[in-house]
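Heads up: the sequence lines are chains F and A, in that order. Read in order, the letters of the first sequence correspond to residues 1 to 522 in the working numbering. Read in order, the letters of the second sequence correspond to residues 1 to 499 in the working numbering.
If you are wondering where the hints come from, they were derived from the structure by calculation, not from laboratory data. Be aware that a few hints might be false.
[Unchecked claim] Listed next, the stretches of chain F that the computed footprint assigns to chain A, with coverage defined by at least 3 CB atoms under 8 Å from CB atoms of chain A:
hint: 1; stretch: 160 to 168
hint: 2; stretch: 398 to 407
hint: 3; stretch: 420 to 429
hint: 4; stretch: 437 to 447
[What the hints assert, rightly or not] Label-pair restraints from in silico Cβ distances:
hint: 5; chain 1: A; residue 1: F30; chain 2: F; residue 2: E139; range: 48 to 58 Å
hint: 6; chain 1: A; residue 1: M429; chain 2: F; residue 2: G378; range: 21 to 31 Å
hint: 7; chain 1: F; residue 1: H359; chain 2: A; residue 2: Y477; range: 50 to 60 Å
hint: 8; chain 1: A; residue 1: T471; chain 2: F; residue 2: V177; range: 49 to 59 Å
Cβ atoms here follow ideal geometry from the backbone N, Cα and C, with glycine treated the same way.
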Amino acid sequence: MSFPILTSMVMVPAGGALVVALLSNRRPEWIKLVALLASVFTGSLSIWTMSSFDTADAGFQFISKHPWIEPWGISWNLGVDGISLFLVVLTGVLFPLVIIGIDPHHDHKRYLSWMLLLEAGMMGSFLSLDLFLFFVFFEIVLVPMYFLIGGWGYENRVYAATKFFLYTMVGSAFMLVGVVATAMLARSNGVGYLTFDLVVIAEKAQFAASTGRWLFFAFAVAFAVKVPMFPLHTWLPDAHTQAPTGGSVILAGVMLKLGTYGLLRFGLYLFPEASYWARPLFLTLAVVGILYGAIAATMQTDLKRLVAYSSVAHLGFIVLGSFAFTSQSLSGSVLQMINHGISTGALFLLVGMIYERRHTREIAELSGLQKVAPIFAGAFMIVMLSSIGVPGLNGFAGEYLILIGSFLTARWWTVVAATGVILAALYLLWAYQRVFHGEPSDDNRSFPELKLKEAAVLLPFIGLIVFCGVYPKPMLDRIEPSVNALITHVSEKTGYVEPGVPQPLTQSADVVATEPGDEEQP
Amino acid sequence: MLILVLGENLLVTFLGWEGVGTCSYFLISFWHERGSAATAGKKAFVTNRVGDWGFMMAMFFAFQATGTLSYLGINAAADGLTKTTATAIALFAFVGACGKSAQLPLYLWLPDAMEGPTPVSALIHAATMVTAGVFLMCRMAPILEVSSSYAPTVIAIVGCATALFAATIAVAQNDIKKVLAYSTISQLGYMFLAVGSGAYVAAIFHMVTHAFFKALLFLGSGSVIHGMHHEQDMRRMGALRKFMPITFGTFIVGWLAIAGVPPFAGFWSKDDILLAAYDKSPVLWFVGLVTALLTAYYMTRQVIMVFYGEARWHDAHDEHGAHGDLQPHESPWIMVAPLVVLAGLSTVGGGLNLPFSHKTERLASWLEPVVGGHESDTAKLPLALIATAIGLVGILLAYLVYARKKAKAFEPAILEQGWMYDQSVSAFMGGPGRKSFQALSWFDRNVIDGAVNGVGRLVRGTAGEVRKVQTGYVRQYAAALGVGVVLSLAWFVIVRGVL
């Protein structure tokens, strides 16, 4: 039996959390070391997974399956495919950076312990191929995040943490019903025995249309809250703003992707008919979310809240791509999940650094920072441009694929959604102008420049931003087979035909014009 | 910029397109401590983004219809496109071009972009970047050919209107760079007029000659500003020809070129465009002619205000106390040398495409395989004579008004304010636009989040009421128990009939 790499990715941080919790508070250096080792080890495992990932295989790889609660057909079933691969890598990479880069200021032991548990939960959610197991991890994630916001957050932290927890729990309640009902109904509709195995149910179950739709919505509500989709988004600005920097980075970077990932995995894959049926609703909500989030972001006076609302807009793009059902738009969505994680994670990191220095997040309190801290401003600028979606940086690659793919099946939604690109430039550049341009006021005159340690944490982010923007091909190579398999699966179940584009008339053999990754020269 | 021009497909062009846009943002807000520069940069970026939206839409339409974004592929497939699709591609691409090339209604950012350093204005805001829109439209020429007939007409009208509109504004500007900025917009309008008239060669030709003389004029104005110790107001200049002879000499060449005086470069290319416009519609030709008149007029005005007349900078020297008595001086050779080179090019640039025979139309025969030719049987000579005459009339008028003071200068405030267009847009954005954004933000806080918190309060309120039942008194619990037992028994006995 080969090395259980996926199981280790869940167990190492979980074990690390336990060890950290048991270590004595009087040995802070040990605590940090253990936390660091656990997260770095998990990160290297995720990168190893990526490098030995078979690009030709569209199905699940590295499967590790062990019976757990046999009478109910529940098993410890982990696997990774092109859709989840980079989310796993992102989780693996973000956590060590957050653990190294952000100082929680107090209670290191508890903080790090919760962080590691959070990592285990995230990994488990992205890797689970068992409905029940997924639900368990999906819920586990809430607990550490609740304590992170409540314990290390800002002035209004308890309100935000409670709201976050309760809001998400409401969604989860629907999902619990959905999980159980799906397994039960699948038994009598094609599967023949009780199992929570995702692949078995997706391939074999034949739900009646109305049944499938009800089940789909049970899942979709939970994911829509998590994404968050308009109008279920209001927990997000509060949670983001009040969370400590590390919490915000993780929340924006990977946790929101649980929602969009869930929609792909447990929406489109599990209930293709219902997803296709619900398409107009989700497209509309996505477009509304893009514009609404952008407009709301423009009017925020709190820098962190602004970034939070920009997430609502960006996640709208991902949902749009997911429900446009074309290989370009779906690849774009998966890519954009990663890109948003990198750039918004970095934005929260930078906003956190501003708070560390000035103890305010109010845009009005800040001014002229570019003059006193040009390197810091430069880093902020690169990250911001990536968030705006300037070509050559990562935000563009995903956004563009989403839009061009969605245009094929959802033309008018896309036309409206693309105006979100204008608004993104508006709110971010305006914020940048107010914070960084102009003459620094007295309070800002002594704003310290970027420190070496901070730069070391930011560099990987900026490197990824540039790399994924210039050369997204290695990622797309791994994403596309799985996405195409998903579309084939949807087509088989529903008879939906993906609209093709005509064959180009003149085309030299070595240029594939539909692949932006091939064209952008590094 | 090179990526933009050399890109073989729309996506790579877009990459360069956005790249220059971003760089232009950095360069305009180069003096970032100055609020106006920062605002101008942001405005340029956001306005350009509106254009980019159009560009993206054009790309999507093209991709859906032809399956490729490469120019070769699109142009090869152009004949097979339906009229509607072709029109959609052409018009959306034109929206993109309007953003980048500062046409109505998206021209707003270019005058403000003059906040940037002058060499930047010369290079990207006059010569290269802003002409990208014209370039794009010429690239898409085969699409334009198959689209409905109103698409090129729209382009020609927008170009023509912009040319006239910006020229009228330029007449009343006092900032030396603002005049040139509006002049650039106006000249870009000419280029779109050419595109809309199907004269792609003329558009490219004018793009080239315009690059020569407008870069010359911008660098010349930069030299003047440098020599005047950062004074940009033409009302505080005058008589500079004695102090800055080389700048003066080269500026004169640029002036003659833009005014359309033969044999300078601008004459040939402008003439080409007017010819094409005449073929399209005499109305367009007439408007173009009026614009030519205005161009000659405001450029002469500028030359006279800056280089002739009496020196008006003595009374301003109090504000320049740090410099001592203001003494204009010629710029160092490194600033003057490019002026000389550009002046040379502005003089002979017309040689690229002389309309005497097919042999002298070098640019045309070079571009013909790509964009197709533009055949015209209109008599060229009379039109050329009229255009030249009009240019001279413009110069003469300005001479009479500004040098000989025969008439009062006509500079109404509304022209100086750019027809109030910028202010109206700003007022709308700052007023109702912002209000509506705020309203949405309020809606989010109070209605949507209010509903969420309302549910929370409802649960808490209900729970608070229900909690009162739990009093902690044993006798009340016992009573409730007793009543419960009696009621249950009653249910079974009376309703269900158990006994």
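Now for the hints, and whether the structure bears them out:
no., hint, in the structure
1, 160 to 168, "holds (count 3)"
2, 398 to 407, "holds (count 4)"
3, 420 to 429, "holds (count 5)"
4, 437 to 447, "holds (count 3)"
5, A:F30 with F:E139: 48 to 58 Å, "52 Å, holds"
6, A:M429 with F:G378: 21 to 31 Å, "29 Å, holds"
7, F:H359 with A:Y477: 50 to 60 Å, "53 Å, holds"
8, A:T471 with F:V177: 49 to 59 Å, "35 Å, violated"
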